[in-house]
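Line order of the protein sequences matches chains G, W and P.
Under the numbering used here, the first residue of the first sequence carries the number 1, and numbering increases by one thereafter.
Under the numbering used here, the first residue of the second sequence carries the number 1, and numbering increases by one thereafter.
Under the numbering used here, the first residue of the third sequence carries the number 1, and numbering increases by one thereafter.
In short, the hints are calculated from the structure, not lab data.
Even glycine gets a Cβ: it sits at the ideal position worked out from N, Cα and C.
Be careful, since some hints might not be right.
[Claimed, not checked] Think about it this way: if two alpha-carbon atoms lie no more than 27 Å apart in a straight line, the pair counts; the simulated DSSO-like pairs of lysine-lysine are:
| id | chain 1 | residue 1 | chain 2 | residue 2 |
| --- | --- | --- | --- | --- |
| 1 | G | K360 | W | K43 |
| 2 | G | K476 | W | K154 |
| 3 | P | K81 | G | K533 |
| 4 | G | K222 | P | K155 |
| 5 | G | K28 | G | K90 |
| 6 | P | K95 | W | K36 |
[To be verified] Reference listing, derived: stretches of chain G covered by chain P, where coverage requires no fewer than 3 residues with Cβ under 8 Å from a Cβ of chain P:
| id | stretch |
| --- | --- |
| 7 | 180–192 |
| 8 | 199–211 |
| 9 | 304–312 |
| 10 | 316–324 |
| 11 | 381–393 |
[What the hints assert, rightly or not] Some chain P residues well away from chain G (every beta-carbon gap over 10 Å; in silico):
| id | residue |
| --- | --- |
| 12 | D6 |
| 13 | L25 |
| 14 | M58 |
| 15 | N128 |
| 16 | G229 |
| 17 | S249 |
| 18 | P322 |
| 19 | K335 |
| 20 | L346 |
| 21 | V352 |
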Amino acid sequence: MPDTVNPENTPIVATGYANKPVVLTVSKDKFYETARSLRYGEELPDAEIHIPAEKYDYLIDVVGMDYGDSLGVIYYLSPSAQPEKVLALKTSTPEREQPELFSVQDLWESASVYEREVYDFFGIRFINHPDMRRIFLRADWKGFPLRKDYDADPAVNPVPLENELIADMERVPSVSIKMGDRVETISQLFEEDDYVVNFGPQHPAMHGVLHLRIALNGEIIKKIDPVFGYIHRGIEKMCESDTYPQILHLADRLDYLSGTMNRHAVCLCCEKALELEVPERAHYIRTIFDELTRIASHLLGWGCMCMDMGSITAFVYGMRDREKIMDVFEETAGGRLMANYNVIGGVAQDIHPNFQRRVKEMIPYIRKMLKEHHLLFTGNPIARGRMKNIGYMSREQAVSLGATGPSGRASGWHNDVRKIEPYAAYGKADFQEVLRTEGQTFDRYIIRLDEIEQSLRIIEQLIDNIPEGAYAAKTKAVIRLPEGEFFQRVENARGQFCVHITSKGDKSPYRVKFRSPSLTLVGALKAMATGAKVADLIMMGASLDDVIPCIDR
Amino acid sequence: MKIFRYFKDIFLGIYHLLQGMYIAFLNMVRSKITEKYPENRLKKVKMERFRGLLTMPHNAQNEHKCTACGICGINCPNGTIQVISKKVTDETGKEKRVLDRYLYDIGSCTFCALCTISCPQGAIDWSPEFEHTVFTRSKLVKQLNREGSSLEVKPKINNI
Amino acid sequence: MFSFSDLTHWIDSSLRLWMNDGWTLFVEFVLIGVMILVSYAVLALILILVERKVCAWMQCRLGPNRVGPWGLFQTGADMIKILLKEIVNINRSDKFLFRLASFIVILGSVLTFGALPFAKGLQVIDFNIGVFYLLAVSSLGVVGILLAGWASNSKYTMIGAMRSGAQLISYELSCGLALLSIVVLSGTMQLSEIVEQQSEMWFIFKGHVPAFIAFVIYMIAGHAETNRGPFDLPEAESELTAGYHTEYSGIQFGFFYLAEYMNMFIIAAIASTMFLGGWMPLHIPGWEGFNGAMDYIPSVVWFLAKTGFCIFMQLWVRWSFPRLRIDQLLRLEWKILMPVCLFNILLMALVVIL
Chain G
1 MPDTVNPENT PIVATGYANK PVVLTVSKDK FYETARSLRY GEELPDAEIH IPAEKYDYLI
61 DVVGMDYGDS LGVIYYLSPS AQPEKVLALK TSTPEREQPE LFSVQDLWES ASVYEREVYD
121 FFGIRFINHP DMRRIFLRAD WKGFPLRKDY DADPAVNPVP LENELIADME RVPSVSIKMG
181 DRVETISQLF EEDDYVVNFG PQHPAMHGVL HLRIALNGEI IKKIDPVFGY IHRGIEKMCE
241 SDTYPQILHL ADRLDYLSGT MNRHAVCLCC EKALELEVPE RAHYIRTIFD ELTRIASHLL
301 GWGCMCMDMG SITAFVYGMR DREKIMDVFE ETAGGRLMAN YNVIGGVAQD IHPNFQRRVK
361 EMIPYIRKML KEHHLLFTGN PIARGRMKNI GYMSREQAVS LGATGPSGRA SGWHNDVRKI
421 EPYAAYGKAD FQEVLRTEGQ TFDRYIIRLD EIEQSLRIIE QLIDNIPEGA YAAKTKAVIR
481 LPEGEFFQRV ENARGQFCVH ITSKGDKSPY RVKFRSPSLT LVGALKAMAT GAKVADLIMM
541 GASLDDVIPC IDR
Chain W
1 MKIFRYFKDI FLGIYHLLQG MYIAFLNMVR SKITEKYPEN RLKKVKMERF RGLLTMPHNA
61 QNEHKCTACG ICGINCPNGT IQVISKKVTD ETGKEKRVLD RYLYDIGSCT FCALCTISCP
121 QGAIDWSPEF EHTVFTRSKL VKQLNREGSS LEVKPKINNI
Chain P
1 MFSFSDLTHW IDSSLRLWMN DGWTLFVEFV LIGVMILVSY AVLALILILV ERKVCAWMQC
61 RLGPNRVGPW GLFQTGADMI KILLKEIVNI NRSDKFLFRL ASFIVILGSV LTFGALPFAK
121 GLQVIDFNIG VFYLLAVSSL GVVGILLAGW ASNSKYTMIG AMRSGAQLIS YELSCGLALL
181 SIVVLSGTMQ LSEIVEQQSE MWFIFKGHVP AFIAFVIYMI AGHAETNRGP FDLPEAESEL
241 TAGYHTEYSG IQFGFFYLAE YMNMFIIAAI ASTMFLGGWM PLHIPGWEGF NGAMDYIPSV
301 VWFLAKTGFC IFMQLWVRWS FPRLRIDQLL RLEWKILMPV CLFNILLMAL VVIL
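One chain only, chain G, in its complex shape:
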């Protein structure tokens, strides 16, 4: 297999893969045809390029880039049948005033939010995309913040003292090409007499500040429009001026419930770039911490789901059990939610002498409590009635929407990075990737409890076998990544969390992009909930278990 197809292109250094991702650079005009051929596994239009025919039906991530002289986009693609393969499809446009590229949102449903994000940060407009609103920033924001020539002067974008107008949110601009003519249109989101209800940004069932605007027809949902950006902190922009160790603490704060895993991803990406040999002991400790975080996150997710259904008691039980894990974290890592434990090269400090004993005490406790949780909730006819036969997502839909993690696995999509490309010590543990086939809310519910059991198994196997040795590799005082593009994905509690780092050899990265699994899950929610009842929407949202700070970044 060729490492790179286009010789002019800088190769993407494979990080964490068995084989390097194929990089395919195409010109702006041929881009759409190439993308479509890749999507449906057809012969590429450019006869010189031969890559194995594979249906690249899963769009992992879309990374907007400002190369200085041109603006570009990198599409990371993967075939769902062979998830270990990754292909980076690149295209760019030299135009900076009014850059335009063709949209692929009709090929991959998840592209619809990703392209809005690229538009928001780089100002690249996507032709034929029906919704070219800003996604995180306000409609009246001036400039595109991730461009390198962006003027960050507070005078340009002063802190707004007025609310954003609802009319601004509802005006949907789009660009399309009809009969060879470029047409700019502005349409209205909702019809005149729609009964539009706001769910969020402050709402008991939105676990954060997600804002769903819902057109209702009685109890039936006609249309959903998610509004993001209420907790947008510009983390990707901040990363560009931070050093690599400083980026880590921002990664913790993306998806705060799987902070350890996110941090792990950034660490792995930097380590592979530096070609740093991480001690085996650190790998084991990191894996155990990842799984503990996963258990804590799933317990909370379970509790929140029960709470959204009105069973507050179950929520408290979930919190109670999660507290045990938090205590373990506090003892070894010194932090509870923000463990701050992984560092580039290993972990911050050696495990606490009590660590192994406490974890071993905790495992039977969580097992016992899992049984109780099943008794309390899983068998409950009310809960089953609320979760069975609603929120159906087929496997194809899940792949196209990029709904990874437990939500995708509930639809039968094998997408667990821990199995696809075992990083850290996952290859040494025997565990099962829980797959279900129905893809209903109930499956997404039960899969979380089953994954807790699998995580316990992983911990059980590793906890006694932590090898002796150093807990971290020595790194230089100032970490500079070599020039190149690096990509790493890990499995966090919600799905595939990916890090893309473009380095120019400085102590800060040139561009960092995090793939948020929650962002695509909101897209899945939108697709599932249209036509469902309001009460079901809440259940679907809870079963997808998205974390808003990760979406907004």
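Please arrange chains W and P on chain G, whose structure you already have, making use of the hints.
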């Protein structure tokens, strides 16, 4: 046998509902997990590694280890640490930079521990203290070096 | 056994010594009104505390424990707080109906509360159609809830009110039919008469299986009437923030809150009156000594103990189960409870005949 299933569903449902009620009752008679905070604050076991507050340990002679190099401040992602140094001339007539004030703003600290990891002298450390509530923001800025403290003189190691 | 009617007759006759009939009646009405309102408020405060404590225990928590010993004065403090709170005026709401709604809700529950037989001889008014009256006035509440939802001019409240309307009107049926089976058994609608008839044995034992089924159905349907979880769709927190009372604040919200807890008490009280003998002590035919001993316990204690038991059942259910969806709620009523209830009346008639 639709009618049969109708009754089966009802009785199975009741059975599962009773199971749920049993769990709730079980937890009602279990011991409670609430911590009575201000009452137990003296008894509560503090985890020694817990990052509650940045401190600068001083020894009995009121000496610390900070050489005012400022690496912690450079590494801090939020500009939490401000190291103010002053120049003093010692008895040999050499000008030396010593620590004047070590200011730490807990209000903007994210407890990422980059300062303590990067400190070459091991002069700063975390304490598990977590009660930081104050009435004004200005009180959140803490001076870590004590009044009149000085740099700890390292014993000369001769046998190397 | 001590009868409160002795006390009330004594008050009545001593009042008549001092003033004429009209004034006597006036003073008595005022006294009774004050008594009812005070006991209404005090019971609600106790209930709120009890609920908070029980729910905390079920959730492995301690519950209120800061104000007073074991947090006993917590709800008192909360009441003072809610009285002092500002009442927010909602723009573009129907001001008159908006204010009226909370009063109607509380009116419905006070009217029901007044007609309950609390102890032997302690009953404000003893209609010969007592059961009918209870059902009639307790369904007044739905008018208030619908008004609240409508007059707030908000989308959440509107959905909440509409759900509430569908729910309360449906469950009213099962409530009535379950009580009807006891009326079939006793042959009277007068509450005092119903309680007297249970002097030998409570109806739940006397009526065999049908009475037990009626009791369970009444508890379920009554629970749904109070709009509390798992039937709290009208105020479904995770969907509609607070449903029909989203826009209310201060003491107006307090009225809804009070009415919710008192409705819980009323449902429990009616259940204990109709099925568990009300204030009637536990009597087992043939065990004279045992019955005599039971009679020493004051009737009001019996009443409160039985009501307390029913309230505990409601709390237990509320804090164990998740919420139903509107179609499941209606299916439960129309496809399960209603048919069972109708069949149950038939069964009860058979029991009475045989």
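How the hints compare with the structure:
no. : hint            : in the structure
1   : K360/G x K43/W  : holds (25 Å)
2   : K476/G x K154/W : holds (26 Å)
3   : K81/P x K533/G  : violated (38 Å)
4   : K222/G x K155/P : holds (15 Å)
5   : K28/G x K90/G   : holds (9 Å)
6   : K95/P x K36/W   : violated (45 Å)
7   : 180–192         : violated (count 0)
8   : 199–211         : holds (count 3)
9   : 304–312         : holds (count 7)
10  : 316–324         : holds (count 3)
11  : 381–393         : holds (count 4)
12  : D6              : holds (46 Å)
13  : L25             : holds (48 Å)
14  : M58             : violated (6 Å)
15  : N128            : holds (40 Å)
16  : G229            : violated (5 Å)
17  : S249            : holds (16 Å)
18  : P322            : violated (4 Å)
19  : K335            : holds (13 Å)
20  : L346            : holds (27 Å)
21  : V352            : holds (33 Å)
The structure is inconsistent with the numbered hints 3, 6, 7, 14, 16, 18, although it conforms to all the rest.
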